[in-house]
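Undergrad: Sequence:
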Amino acid sequence: MTTPTPSAHRPDALTGTTAAMPPAVLAPTPTPTPTPSRPRPLLDVRRIYVEPEAAELPRGREVLARWPDAERVEVASHWNIPELHGDEANVDRWVRIKTEALVLGVKKSLAARPNGRSSDFVAPSTANGCAMACAYCYVPRRKGYSNPITVFANIDRITGYLARHVARQGVKAEPNQCDPHAWVYDIGENSDCSVDATVSDNVRDLVDLFRGLPTAKASFATKHVNRDLLDWDPRGRTRVRFSLMPDRVARLVDVRTSRVAERIAAIDDFVEAGYEVHLNFSPVIVHDGWLADWAELLDQVEAGIGAKAKAQLACEVIMLTHNEALHEVNLGWHPKAEQVLWRPDLQQPKRSETGGWNVRYRTGDKGRYVAALTDLIAERLPSCRVRYAF
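Going by the UniProt record's numbering, the sequence shown wraps up at 390, each residue one higher than the last.
Everything labelled a hint here was simulated from the structure, so no lab data went into it. For each residue, glycine too, the CB sits at the ideal point set by N, CA and C. Do not rely on the hints blindly, as some may be mistaken.
Stated by the list, open to error - Using C-beta positions, here's what the derived DEER-type ranges look like:
{"no.": "1", "residue 1": "Asp228", "residue 2": "Gly364", "range": "39 to 47 Å"}
{"no.": "2", "residue 1": "Thr321", "residue 2": "His181", "range": "26 to 34 Å"}
{"no.": "3", "residue 1": "Gln177", "residue 2": "Arg46", "range": "37 to 45 Å"}
{"no.": "4", "residue 1": "Leu331", "residue 2": "Ala65", "range": "38 to 46 Å"}
{"no.": "5", "residue 1": "His181", "residue 2": "Gly356", "range": "35 to 43 Å"}
{"no.": "6", "residue 1": "Glu56", "residue 2": "Gly367", "range": "46 to 54 Å"}
{"no.": "7", "residue 1": "Asn80", "residue 2": "Thr374", "range": "40 to 48 Å"}
{"no.": "8", "residue 1": "His181", "residue 2": "Arg351", "range": "18 to 26 Å"}
Generate the whole structure from the sequences, applying the supplied hints.
TA: Shown next, in the form of structure tokens:
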């Protein structure tokens with residue numbers, strides 16, 4: 001790895017200004033520039049890579065019927081499609097592949113993994129990959145040069161497993177930061193459920209399942225406003241975490257997502273429809289003026305949502321972690337994003353659990369960034385409880 005080269009360490013470095021802090025002195029960062037408006041719909045599926053077993057299942061047949069004119073390519077495994085996952089030439093077609101390709105497979109291994117931050121457990125995924133193209137997303141790291149949506153057709157097996165897993169937990173004996181009463185299951189760790197819901201009924205089946213589980217809740221983070229979900233009657237058993245960041249940076253790194261203002265505008269409607277709505281402030285990206293940008297965003301949320309939403313509001317704060325391999329991929333299709341994501345002057349390397357190299361903000365500085373932002377949340381959006389921050 002070409003590890004980030006530290007500059008002179010500044011223990012008091014905060015690239016922003018609040019009333020409680022002096023302005024920081026840091027090397028200037030290029031001002032984020034807007035990405036162009038998306039020229040095509042999120043999905044225009046023209047080729048479906050299909051595991052034969054998936055094509056025989058009811059959900060698989062439903063997905064294939066949605067795009068009857070799409071070319072079908074039989075594959076042995078949704079994880080082993082060389083022309084998608086191993087071809088460096090795909091960097092130049094990153095967004096096109098996300099728009100036009102879909103993978104239909106079967107989820108082989110089912111497990112609910114303990115979590116403890118966003119949720120008590122991470123549910124077995126009903127999809128992975130995404131039609132959006134956020135420049136910092138960790139999901140492409142395992143799939144190389146392309147990660148279109150993979151939808152799993154064995155939804156009945158997945159929901160059956162989850163129902164049994166919830167039953168085994170019994171009643172939650174002690175409150176925790178995930179939820180005081182319910183066991184929380186993250187159903188969208190490897191995808192965006194709001195987008196997945198445009199491909200199949202898997203997400204709706206999960207919302208239906210948790211509606212009938214009084215000791216558990218489903219949860220997912222999203223950057224896409226899908227108003228079809230408003231008709232699903234979740235009855236408080238599904239938590240939607242709208243991901244927000246200042247619009248100036250979002251226009252650079254949140255590629256093909258709903259605009260930040262649209263996400264804020266949807267909060268009241270989702271609360272009224274019976275969802276619990278939290279905020280996902282992630283990833284927090286440090287750049288010149290970042291705290292001023294966050295103050296503006298928090299003011300927008302404060303002014304843009306009603307009392308009912310504020311009464312149940314909470315958030316999570318997650319500082320940016322970036323990855324060397326993804327950095328190299330991004331340089332091939334969206335190098336401007338790397339001006340704010342890859343900051344050797346602010347970051348330090350860390351070996352990941354899978355053996356690759358990640359970078360994150362320096363120890364000490366990161367803690368000060370977190371404290372500065374959580375203090376700002378308390379000042380500008382006092383109704384929003386911070387569930388966790390790191």
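Undergrad: Give a verdict on every hint.
TA: Taking the hints in turn, this is what the structure says about them:
1. Roughly 45 Å separates the CB atoms of Asp228 and Gly364, a value that falls within the hinted 39 to 47 Å.
2. Under the hint 26 to 34 Å, the C-beta atoms of Thr321 and His181, about 31 Å apart, fit the expected range.
3. The hint said 37 to 45 Å for the Cβ distance between Gln177 and Arg46, and at roughly 44 Å that hint holds.
4. Leu331 and Ala65 have their C-beta atoms about 39 Å apart, which keeps the hinted 38 to 46 Å range intact.
5. Roughly 38 Å separates the CB atoms of His181 and Gly356, a value that falls within the hinted 35 to 43 Å.
6. About 53 Å separates the C-beta atoms of Glu56 and Gly367, a value consistent with the hinted range of 46 to 54 Å.
7. The hinted window of 40 to 48 Å between Asn80 and Thr374 holds, with their beta carbons roughly 43 Å apart.
8. For His181 and Arg351, the Cβ-Cβ distance of about 38 Å falls outside the hinted range of 18 to 26 Å, so the restraint is violated.
Violated hint for the displayed structure: number 8, the only one.
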